[in-house]
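Chemist: Take a look at the letters that make up each chain.
There are 2 protein chains.
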Amino acid sequence: MFGRTFYNGEMTEEHIGQEVSLKGWVQRRRDLGSVIFIDLRDRTGIMQIVFNPEISAEALAAAEKVRNEYVLDVKGTIVKRDPETVNENIPTGTIEVHVTEINVLSEAKTPPFMIEDGTEVNEDVRLKYRYIDLRRPVMFDTLKMRSDVTKTIRDYLDDHGFLDVETPILTKSTPEGARDYLVPSRVHPGEFYALPQSPQIFKQLLMVSGVDRYYQIARCFRDEDLRADRQPEFTQVDIETSFMSQEDIMQMTEEMLKKVVKRVKNVDITGAFQRMTYDEAMNRFGSDKPDTRFGLELIDMADVVRGSGFKVFAQVVESGGQVKALCVPGGGEKYSRKDIDHLTEFAAIYGAKGLAWLKVEEDGLKGPIIKFFTEEEQAKMLETAGAKTGDLIMFVADKKKIVADALGALRLKLGKELGMIDETKYNFLWVTDWPLLEYDEEEGRYYAAHHPFTMPAREDLDKLESDPGAVSAQAYDIVLNGYELGGGSIRIFERDIQEKMFKLLGFTEEQAKEQFGFLLEAFEYGTPPHGGIALGLDRMVMLLAGRTNLRDTIAFPKTASAADVLTNAPGEVSEAQLEELHLRIRQTAK
Amino acid sequence: MFGRTFYNGEMTEEHIGQEVSLKGWVQRRRDLGSVIFIDLRDRTGIMQIVFNPEISAEALAAAEKVRNEYVLDVKGTIVKRDPETVNENIPTGTIEVHVTEINVLSEAKTPPFMIEDGTEVNEDVRLKYRYIDLRRPVMFDTLKMRSDVTKTIRDYLDDHGFLDVETPILTKSTPEGARDYLVPSRVHPGEFYALPQSPQIFKQLLMVSGVDRYYQIARCFRDEDLRADRQPEFTQVDIETSFMSQEDIMQMTEEMLKKVVKRVKNVDITGAFQRMTYDEAMNRFGSDKPDTRFGLELIDMADVVRGSGFKVFAQVVESGGQVKALCVPGGGEKYSRKDIDHLTEFAAIYGAKGLAWLKVEEDGLKGPIIKFFTEEEQAKMLETAGAKTGDLIMFVADKKKIVADALGALRLKLGKELGMIDETKYNFLWVTDWPLLEYDEEEGRYYAAHHPFTMPAREDLDKLESDPGAVSAQAYDIVLNGYELGGGSIRIFERDIQEKMFKLLGFTEEQAKEQFGFLLEAFEYGTPPHGGIALGLDRMVMLLAGRTNLRDTIAFPKTASAADVLTNAPGEVSEAQLEELHLRIRQTAK
Numbered sequence: 025m026f027g028r029t030f031y032n033g034e035m036t037e038e039h040i041g042q043e044v045s046l047k048g049w050v051q052r053r054r055d056l057g058s059v060i061f062i063d064l065r066d067r068t069g070i071m072q073i074v075f076n077p078e079i080s081a082e083a084l085a086a087a088e089k090v091r092n093e094y095v096l097d098v099k100g101t102i103v104k105r106d107p108e109t110v111n112e113n114i115p116t117g118t119i120e121v122h123v124t125e126i127n128v129l130s131e132a133k134t135p136p137f138m139i140e141d142g143t144e145v146n147e148d149v150r151l152k153y154r155y156i157d158l159r160r161p162v163m164f165d166t167l168k169m170r171s172d173v174t175k176t177i178r179d180y181l182d183d184h185g186f187l188d189v190e191t192p193i194l195t196k197s198t199p200e201g202a203r204d205y206l207v208p209s210r211v212h213p214g215e216f217y218a219l220p221q222s223p224q225i226f227k228q229l230l231m232v233s234g235v236d237r238y239y240q241i242a243r244c245f246r247d248e249d250l251r252a253d254r255q256p257e258f259t260q261v262d263i264e265t266s267f268m269s270q271e272d273i274m275q276m277t278e279e280m281l282k283k284v285v286k287r288v289k290n291v292d293i294t295g296a297f298q299r300m301t302y303d304e305a306m307n308r309f310g311s312d313k314p315d316t317r318f319g320l321e322l323i324d325m326a327d328v329v330r331g332s333g334f335k336v337f338a339q340v341v342e343s344g345g346q347v348k349a350l351c352v353p354g355g356g357e358k359y360s361r362k363d364i365d366h367l368t369e370f371a372a373i374y375g376a377k378g379l380a381w382l383k384v385e386e387d388g389l390k391g392p393i394i395k396f397f398t399e400e401e402q403a404k405m406l407e408t409a410g411a412k413t414g415d416l417i418m419f420v421a422d423k424k425k426i427v428a429d430a431l432g433a434l435r436l437k438l439g440k441e442l443g444m445i446d447e448t449k450y451n452f453l454w455v456t457d458w459p460l461l462e463y464d465e466e467e468g469r470y471y472a473a474h475h476p477f478t479m480p481a482r483e484d485l486d487k488l489e490s491d492p493g494a495v496s497a498q499a500y501d502i503v504l505n506g507y508e509l510g511g512g513s514i515r516i517f518e519r520d521i522q523e524k525m526f527k528l529l530g531f532t533e534e535q536a537k538e539q540f541g542f543l544l545e546a547f548e549y550g551t552p553p554h555g556g557i558a559l560g561l562d563r564m565v566m567l568l569a570g571r572t573n574l575r576d577t578i579a580f581p582k583t584a585s586a587a588d589v590l591t592n593a594p595g596e597v598s599e600a601q602l603e604e605l606h607l608r609i610r611q612t613a614k
Numbered sequence: 025m026f027g028r029t030f031y032n033g034e035m036t037e038e039h040i041g042q043e044v045s046l047k048g049w050v051q052r053r054r055d056l057g058s059v060i061f062i063d064l065r066d067r068t069g070i071m072q073i074v075f076n077p078e079i080s081a082e083a084l085a086a087a088e089k090v091r092n093e094y095v096l097d098v099k100g101t102i103v104k105r106d107p108e109t110v111n112e113n114i115p116t117g118t119i120e121v122h123v124t125e126i127n128v129l130s131e132a133k134t135p136p137f138m139i140e141d142g143t144e145v146n147e148d149v150r151l152k153y154r155y156i157d158l159r160r161p162v163m164f165d166t167l168k169m170r171s172d173v174t175k176t177i178r179d180y181l182d183d184h185g186f187l188d189v190e191t192p193i194l195t196k197s198t199p200e201g202a203r204d205y206l207v208p209s210r211v212h213p214g215e216f217y218a219l220p221q222s223p224q225i226f227k228q229l230l231m232v233s234g235v236d237r238y239y240q241i242a243r244c245f246r247d248e249d250l251r252a253d254r255q256p257e258f259t260q261v262d263i264e265t266s267f268m269s270q271e272d273i274m275q276m277t278e279e280m281l282k283k284v285v286k287r288v289k290n291v292d293i294t295g296a297f298q299r300m301t302y303d304e305a306m307n308r309f310g311s312d313k314p315d316t317r318f319g320l321e322l323i324d325m326a327d328v329v330r331g332s333g334f335k336v337f338a339q340v341v342e343s344g345g346q347v348k349a350l351c352v353p354g355g356g357e358k359y360s361r362k363d364i365d366h367l368t369e370f371a372a373i374y375g376a377k378g379l380a381w382l383k384v385e386e387d388g389l390k391g392p393i394i395k396f397f398t399e400e401e402q403a404k405m406l407e408t409a410g411a412k413t414g415d416l417i418m419f420v421a422d423k424k425k426i427v428a429d430a431l432g433a434l435r436l437k438l439g440k441e442l443g444m445i446d447e448t449k450y451n452f453l454w455v456t457d458w459p460l461l462e463y464d465e466e467e468g469r470y471y472a473a474h475h476p477f478t479m480p481a482r483e484d485l486d487k488l489e490s491d492p493g494a495v496s497a498q499a500y501d502i503v504l505n506g507y508e509l510g511g512g513s514i515r516i517f518e519r520d521i522q523e524k525m526f527k528l529l530g531f532t533e534e535q536a537k538e539q540f541g542f543l544l545e546a547f548e549y550g551t552p553p554h555g556g557i558a559l560g561l562d563r564m565v566m567l568l569a570g571r572t573n574l575r576d577t578i579a580f581p582k583t584a585s586a587a588d589v590l591t592n593a594p595g596e597v598s599e600a601q602l603e604e605l606h607l608r609i610r611q612t613a614k
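Chains as they are written, first to last, in our numbering: chain H, 25 to 614; chain V, 25 to 614.
So that you can see chain H by itself, here it is in the shape it has in the complex (with noise of 0.2 Å):
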């Protein structure tokens, strides 16, 4: 092998008249003949190689042979190229390479799909191939983007004073949360250890021993069916800071973010994210990560309709329910009936049972339910909504939690479609002042909304037996173009106000004791405040590379069913391994 002097891509007109030495795989192969051209492709771009009789007859024979995807070992000499070979659709273009001497390295069968950005794939056959699917110019600049995120976090925190600490991979398993995966223990029978789903109590436990600033970029699995945007196995940027409050810990993630977003995509963010309570966020956009690129948000209509002749609207106000409206800009023209059919059946799926509507003509507010709405309503509902001439008012009608996720959803829908969101704009946005607790009818039972180790504002203390459902919590989430990218919070740090919290959250004094008695134990001893933040990484590779799926953010990953389909994990294992585990598999799996 000859000593590599450049990447293909590398090279330009000024290194003209260099003799170099490349390595690289054959992109594409052109014989004419006398002459052959090849793109020489490696992880920075292409560089064409020229093979001729002139230069080494004994070069172009080899070459003869080459087909593609062969790696190659070339040395030879940069020369501008003809004018009329130029190729302006890469930046190595006006430059080739003069080729005197040829190894080739490794010879490649046909590749089952082209190595390019815009191929279509399957994506099992992707994923099988992930070695040949990762050779794509999308794919790499993804990989390469990944591991320029991390290395700008790790030098934001590393500056800032935190200790990259690693914490246990092989952890004990705590029934609260998703569901476990565990690792069964050949030295002591029958017991199990579990995947940690985040490193939270090592975490806190750090902050105990006064390592005061704390960071991992941490691998954290959850064994749950998946979704689109869910893997087995996830990375999280894992922050946690003693003595801080939440305005600090805030104002250094945004601060982290920002040079994130600088190094990566050379933007600047200037000024504070934008913020908003959760109640807030829930109201004017009826969920709790809006995309704020855009405006469409939901309108409260009660006042309107409050004893009005359309007694569907007037008497879910008065039991306690909201009626609200999105006013669609010109949509009174985009969408037929048949459309309008078609948004009310998508806001079914959420609930909605049905979805009222009035146009905005010239002459006034038309549609099946004007007649039940004096001339005097109309004009407040106009004014209300803000509506001008073509415009679309939709109302959902219902409880509190359909009408936000229907219209939610429904003005998400509608930004997409009519080409309200500016692609090219990071909107941040803290979601603060979250609810503590999240009541479920269906068990009766309180669920924490982040975890149960979040502290309950100050204030609220002493609601936490008498009314735990209006209990704030000192929680927040940053959300990146309408999607989680994480959340923090300050923890509890005081044994009394944690042993209250398990209570709420259904633990018997014994359960808690034999799941967490040692944090409880090690708040005795000296505890700081602390508080910290968790980001999802492969989201975040995801929004700012542009991709729309986790999987493309991650070197190797599972598919739906959360097997490995190139190494065909998981699989059997032997009689002889499962008897040292102590374990047998139950007949029925068979």
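None of these hints come from the bench; they were simulated from the model. Do not rely on the hints blindly, as some may be mistaken.
Heads up, the list lumps identical chains together, so a pair's fine if it works in one copy or across two of them.
[Unchecked claim] Below, a list of computed lysine-lysine pairs in the BS3-like style, where the Cα atoms sit at most 27 Å apart:
hint : residue 1 : residue 2
1    : LYS524    : LYS152
2    : LYS168    : LYS283
3    : LYS283    : LYS175
4    : LYS537    : LYS133
5    : LYS537    : LYS524
6    : LYS524    : LYS313
7    : LYS289    : LYS395
8    : LYS404    : LYS175
9    : LYS449    : LYS358
10   : LYS524    : LYS133
11   : LYS99     : LYS152
12   : LYS152    : LYS527
13   : LYS423    : LYS283
With the hints as your guide, set chain V onto chain H.
Modeler: Below, chain V alone, put in the same frame as chain H:
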């Protein structure tokens, strides 16, 4: 809480007069009646804070209730200490803070042991209260060094174009190698994932993908019975490159390790690392990871004892064995007959049937076996050993392996006992030209000396079938002060060589295809020559931090029975969890 202005160890006399806000743990409290002194500790050090009625009667009253390990939040002014209260043992010993306001953030029970470096505590107690153990400065400093080591490595590799790529933790079981940790699949009944013993296959696939330069600070897992220097999960600095030679990889690794030592020890390592072949290391030091900080090398006595009157030695040489010696400077006086009996017992652990010895006195060699040697032989013996009056020469005569093991171990023991080791040295050493295979006489088969993916020396390829035991590997280990820091190799990248290798290791064609078929197939789509190295991070930190125990380099380590005594992992899981995983515990397990 007040906003922190300084960490406790950061203030100097330059800051005298400043109003500050400090946070920390009470290391020590001295109540002199009208004045209370508290040593306030955080991760950077200690600041003496002073409460007296002239500054604030209220703060003094609060300080009266404070005990060790309480967490405090104080405001006050930095002042110069009275000369008689200066503490020269700490960097901040000439100043103190006069406290005007105090918040007691957290109370504390009396900790189970003192927070100080020299504390002699049972390790089980330290592990159970790990969050207290990590408060000891030496423990924090080790965590900090670990973070600094990885940051330095990441900076170096990022600067050199390496991508940090995460590979899966849920992967496939490969019975070759150590025992896997298994993870039952819920979705695929009766099937299991395995936790990776290393990212070997994935990093090679990344090279097939054209990633060109990969690294990862990767968690790896082995379910082995633990020794003092093993953990079920450990971390390796994992590096792989394409198109680089063994020489390139070694030089890059050297440069990187020099930066690490400079960063965390402020030591400049000048010049290239020492290099030695495997054969030379075994011959001179009786070890494949010699500690080169001292001499005491093995001396080959074959030419001296061949044909001598001492038949025990002569016969060993004749039958193809070895007779080697250590010449211990000044050992003649230091080691009594009884001491030598103990050394003989020690050598027996390594299989040596005896330990013959001679002392060098003013009037010549003395000892039980001297009568078997002629004067000429004695003179030659002295010359070969380079022995001086007062030295002790100890012999082992046996098979090559036993001679190396016994004298290698004895050399280390004596080197330590005699204070021959300069503990301030960082002696890095490359050991190269390893054998490709090791023959297991009991099982009558070959094992890979490194792993099955190591490339044989090109010039030995024709011996792969005819004389596999004589084939050298393109493999290299990096040794630091007698510990193996890591190892690497150039990999096989041709399907036919890889298939031959699997066959040598006893794989049937079907087994090779079943376990590694995807890799063999990948090699057919254009694979660059590639190679890399893996360094053990835990051990690197242990050596750099001057610790003797790998557990001290890991925030939350496991015990020798692979248990986490802090969180009580592993533990029992519910019948429902087992059922979901299609498993039963074997009755014998309970």
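Chemist: In ascending order, which of the hints set out earlier in this document are inconsistent with the structure?
Modeler: Violated hints: 6, 7, 8, 11 and 13; rest satisfied.
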